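Line by line, the protein sequences give chains A and B. The working numbering numbers the first residue of the first sequence as 1 and each following residue consecutively. The working numbering numbers the first residue of the second sequence as 1 and each following residue consecutively.
Treat the hints as calculated values from the structure; they're not laboratory data. Incorrect hints may have been included.
Here are the simulated lysine-lysine pairs, DSS-like style, with alpha carbons at most 30 angstroms apart [stated by the list, open to error]: (1) B:K243 x B:K142; (2) A:K138 x A:K192; (3) A:K444 x A:K388; (4) A:K339 x B:K142; (5) A:K339 x A:K382; (6) B:K243 x A:K382; (7) A:K339 x B:K243; (8) A:K444 x A:K339; (9) A:K339 x A:K388.
These numbers were taken from a predicted model, which means no experiment stands behind them.
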Amino acid sequence: MNQAPSSTNDSTLAVELSDVWKSFPGVTANAGVNLSVRTGTIHALLGENGAGKSTLMNILAGVYRPDRGELKIHGQSHHFRNPADALSAGIGMVHQEFRLIPSFSVAENVVLGSAATVLRTRQVELQVSELAERFGLKVDPSQPLWQLSMGERQKVEILKILWRNAQVLILDEPTTVLTPSEVGELGDILTKMANDGRSIIFISHKLHEVSGICDEATVLRQGKTVASALPIESTGQRELAQLMVGTSASSTDRPSPSTPGAPLLELDGLSALGDRGLEAFSNLTFQVNSGEIVGIAGVAGNGQRELADVIAGLRPSTTGSLLMDGADITTASPQFRFKSGLAYIPEDRLGVGLAPRLSITDNAILRVYRQQRRGPFILAEKALSYCKDIVHRFGVRSADLEGPIAALSGGNLQRLLVGRELDGEPSVVVASQPTRGLDVQGVKAIQELLIQQRDSGVAVIMISEDLDELLTITDRLLVMESGVIRGEFDPRTASRDEVGMAMLSDGQAITDT
Amino acid sequence: MRRPRLSLREQPLPGGQPLAFGTGLLIALIVGTVLLLAAGHEPLKIYSRMFEASLGDPDAWAVTINRAVPLGLAGLAVAVAGSMGLWNIGAEGQIMAGAIAAAWVARIGGDWPGIVLITMMLIAALGGGGILALGPALARAKLGVNEIITTLMLNEVAIRLVQWLIHGPWKDPDSYNFPLAPMLPDQARLPTLFSRAHFGLLIAAAVIVIASVAVRYTAWGYELRIAGSSEATARYSGISLSKKVLTVLVLSGAIAGLAGGVELTGTADRLTETISNGFGFAGIIVAALALMRPSGVAVVALLFGAVQIGGQSIQTLGVSSSVSTILQAFVLFGAIGAGVFSRYRVVLDTDARSTNRELSDD
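Same shape as in the complex, but just chain B (with noise of 0.2 angstroms):
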């Protein structure tokens, strides 16, 4: 009898993760096939539709970019710690702390120019992530505190620092007494490319080419690869864990907090409690799926908006949003466990004797 078993390939396969990622694509559309019969949909017209709202058109491609904008962001933030072994939780968190320090920005600068603000607004955003990371950063860095339970905990503190701030001291006179922060003033909107798609693809990209650069060429990423590799080796070798420690997570919360910035003048009017919408978590999945490789990052958060958006599109054809979440979770379970085969062939076992194994107790 001949029996499969799984055997540790001597180098991963080559382009196994865009492998992976399609094989996820295809277990999610089967396990989707069933679930949408069994709820009395027709399969193809749903799929067509998702296809169509997330990738038909220009204005589809558009909706799918903004959403991409975001996710890509975070994921990089949580890539960028974890090329050095690091774990950012906080992303969420940290989103909400860029567009509060950018939604301040507004309100002091309400009649600058539109460039200026914007800039301005972006790097308070850049600087409010990197404070709410500053703290963690810190604790791990002098005191070696678990950062990932700082981080996520860090989450809760930004999103009641939000509500306190859109129901208290920054509640919008004018909105009879709704809970909501004033508009942006219009010049604080990022200008448009094509379509819908904002100005802030241009950002993300930049900024995901030059973490990608910094990290592979760069004497400062080769110290954080080394460190993420082994911290005794960057011991040895005399690199300062602790000044690393504490500028990559700080610079991780400032990529996330710049992700709420972009989303705040890019998609937003105005600041909102669900301003981070998930993107800080939906970003350690695509951080997670790019091999924690800051060039992954791009793929995988334009494939991961696609999905995200198809998925909400079919909510109008009466598809509970449920099917759409299972369906994201699919192709996540599916790209991870498709992952496993690229680091592991499967081998035949030529072992006869295999079904003669008798125990021999007492």
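Just chain A, with the same shape it has in the complex (with noise of 0.2 angstroms):
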């Protein structure tokens, strides 16, 4: 039944992917990839947005099926029709959109989606607080789901697929959800996994994370392999940054130096809560000039997402004010906001910013179209034209303006809705993550129509996760770290590291200046 090894030195390896190739329409994801992880040890793949290793790993996972390629699990040739069959493999993966029920126990999840017939609660909460126990993730199985931080309801995923006997645990870019501290102790559960015997795959593009919790490191870029099983220890960051980005993408031209003018946007004392009703930032206070790009630089989730949507007036403050061109719209609706000058580009560009079911022209005139009336009517001809002179300015590739939205590409999504927002000629710009998940050409194009902005004496925030974009393109630099300014730089100086402590520094030891 069981086939033999092929070779005798495949029996040291969990994973062993060669010559992955996989498209999607419009794009080569994996183009020959190769991947070996070692047993028994904690494997990190890394690679910028879109270098592929998502689809690498939903192809471990069973979750795509690779257009070519060959996959061995322990020596074993494996096809994967669906994530069940790798899972019965023994490979199991954390996604990140975490797939739980919210009024469900920790143990109900845990065992939800088993072949389980009968749930036999108390049994499987044993079990859980048994493997929990083992690896030092601690969370009780009988609490309702609902009640769990996003770090807990990761463990709780965790706790899923070890509860499944999976002796390959992949996660995708687990730390975005964790605080600073929440991601050491990430590191200490999974070293304990791994000398337990289990191997994990560690999908990341934050180096220092990398550096402290993995063993050995797989580079993706563009699709390829560019450097595989390097030890970690024996590897400096900066030789691995430079496999990531390439060799000339550290040494980025900057834009000419801004001349900024007078403050359009001031923000005194702002504060607001999150979706869970805790402060999701406190007591803000800062400007942003005419001229002038100001970079909000965190690790995600330190309150970046709801400063952007009570700048936009998504969200209400609870203290402090906020005026745009000196007059204060601290309570004023997002339409009077936009019409005033604001202009927003929301991080979720495909479902807050553009609206999914709806027609390329339908979503292009989503901010004029009360001024495309005819009576109750919107003018079809005016909707179709102005869509058209968007996409057309904007390098909007599409073949259909009726057709439905979901059909662009992201960098194509992204050019019409940065467009459609630019072309209300604002005085301010918020950009949240404008350039995540897009190739390098979308990047470059995003980049240079905020730049663009700048220069014609607009006040632009840009908000990214992407350190070095930042340290690029703008002018100012604010870290922003559990909903507090932790420090301010200027990007023509600052050193990634400084700026990379005041991200993660809990508030110990930056001084501000």
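The two chains are supplied separately, each in an independent frame; assemble them into the complex guided by the hints.
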């Protein structure tokens, strides 16, 4: 029944992927990728956004099927048809979006989707606490999920695949939802699991985390393996960074310096609550001037999203005031703010900025349809020609403007959204993760648009997780952590380390200026 | 070994929905043949009877159209709410509320001229349905209470109300103590267009056209579609969601109420507790088959009406009424099942080694 391992040294490899290809319409996500993970190690899979990490891992976890390539688990060939196949071969994945039911208890979530026909809650709870104990995953199995923090929910996801006896665990950017102290805790948990003989694949593009947690690294760039099984200890972070971004990326030309003018957006003691009713950020005071790009750096989930929402008027503030061009807009409606010159490029393009099931034209006119009416009717030709204009000016590639917006690629979606927002000739632009997930061309196009805005005297706030991007194109850099500004930097002189320290500081030993 | 599997189409197949409906009909015919043969009937004879009774001649068309009118209006009611992502499951009750309001107008306006009386009855019907939907609409708009449950439960309230009226205050003194409401005045009957097809056809067609145009081409409908696609996008662009929810649910109720009014003045001669006849629930099916598009409701309602009328007609040939209900169900199953293929395509896996799949436990 079991095939003999094809060669002897395979037995120490938990996972061996060779020459894996996978294309989606318009993109080749994996073009001959190789990956070898030794049993009992924590293996980092590094690469920029869009390098093909998630695709590769979805292939390993049975979510996608490769177009070509070989997949061996503990020396044995496999062809997974679905995630259940992968799981029964001992491979489990913790996705970036958790797949958990809020009203269920931890134990119930762990069992969910397994083949268990009778739910013996007590027994599962015991098993779960045993596993939790063994690996230091501190959660109460009987607690309902909705009471848990994101970090705790991640532990439930890990327990879920451990309970199914996974030998290989894939964690897709697990630290994005964690606080810095939780990241440390996750590292300890993973080390315990590796010592137990399990193998972990840790997807990330944050080098400092990788060097603290992982044993070896494979680096992907543009769908290809550029380095495999590098020992982390003897490889410098600089070398890894160069492998990830390629050689010239770190020396990108800075745009010409800005000439800031009068303050256009002023925050004074602004605070707001997050979705869970906890304080998302508190007492923020800063201003953004005409003709400058102010970057907000920070690990996701430190209040940046809420800050953008409050400025755009989509979330109420609890204290403080917000002035735009001298006028108080603390309680103004989103529509009023837009009319007064505030453009907002939200983090969720499709779902907040754009309505998924409607056509490209319908989405293009979202800000102007009120002016394109005759009586109750929207003038169809006017709408279409407006849409054509945006599409043309901002280089959106699309065949059918009456077709569904969801047919556009990520880069074209963002061009349409940014184009629509900038078309109103704003005086203030709030851009939240404007280049995330875009290809190199897309990133460049969006960055250039923001720089153009700055040069024409607009005040731009750019929220991003990509520190290199912020260091390259912003004129002033604020670091946000736990809802507080932890430091202000001049991106021309600041070092990556300094800023990174502020992002992870927890408020200790960092002083302003 | 090549295994078939479903893969999402980049764009839905054009004309996929009519094709799906046709496939559903075909599947129903095949299943029906088996059922009828098993029950000792001659399928061909039964099917030709179904066709003749529903679409065979102008008289048959008239009966089908009279059935399609309430189905179409109820379907429209559900589809208008559905355009915004809301589920009005209460069309059944709203139809009754509309009929009650229309019957009340007929009671007080017994000596008004026909055109005035009918107009007032239909306006009252709109109001009656709208009022029944107002509670769920307010609860959803202001408190976020799930409209599916509230609209569904009010169906029960509406039917009890009709029962109470015809057993109590509105019982006809000349009915020899039967629980019957009095006959409507003669001038309260909708004029007929041809055969028995009544004027309701034009009313329903007009309302469907107006609603389709409103949803597709007006700023109001645009906001509706934005909100239906993504609430966050609606909020982002400054569309007031609660106002929208309120107006749309009340409008949906009013359209269903109109179905009750038309049914009362068109086909019934008095208010009965079976006035809604399941149209409100069938309307959900009609709207679903029309993919919640108001413009698609008319065609689906006509086809669905034909299936219903045809199904009823074969009872005179000794076929159990359950057979016709089963046939209707298979049209629905088949159409929804086939609808999948307008959104997905079948791909054959070129996976030569898919049989060589062994698990390595332990």
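Hint check:
As the CA atoms of K243 of chain B and K142 of chain B are separated by approximately 9 angstroms, the hinted pair is consistent with the 30 angstroms bound. Restraint check: the Cα-Cα separation between K138 of chain A and K192 of chain A comes to about 13 angstroms, which is no more than 30 angstroms; the hinted pair holds. Our distance criterion of 30 angstroms between C-alpha atoms is met by K444 of chain A and K388 of chain A, whose separation comes to about 22 angstroms. For the suggested pair K339 of chain A and K142 of chain B, the alpha carbons sit about 27 angstroms apart, so the restraint of at most 30 angstroms is met.
At most 30 angstroms may separate the alpha-carbon atoms for a hinted pair to count; K339 of chain A and K382 of chain A meet this at roughly 20 angstroms. Restraint check for K243 of chain B and K382 of chain A: the C-alpha separation of about 27 angstroms stays at or below 30 angstroms, so the hint holds. Between K339 of chain A and K243 of chain B the CA atoms are separated by roughly 21 angstroms; this keeps the pair inside 30 angstroms, and the hint holds. Only pairs whose Cα atoms come within 30 angstroms are accepted, and K444 of chain A paired with K339 of chain A is accepted, the gap being roughly 28 angstroms.
Of the supplied pair hints, the one linking K339 of chain A and K388 of chain A holds, its CA atoms being roughly 22 angstroms apart against a limit of 30 angstroms.
Figure legend: structure checked against the earlier numbered hints; every hint is met.
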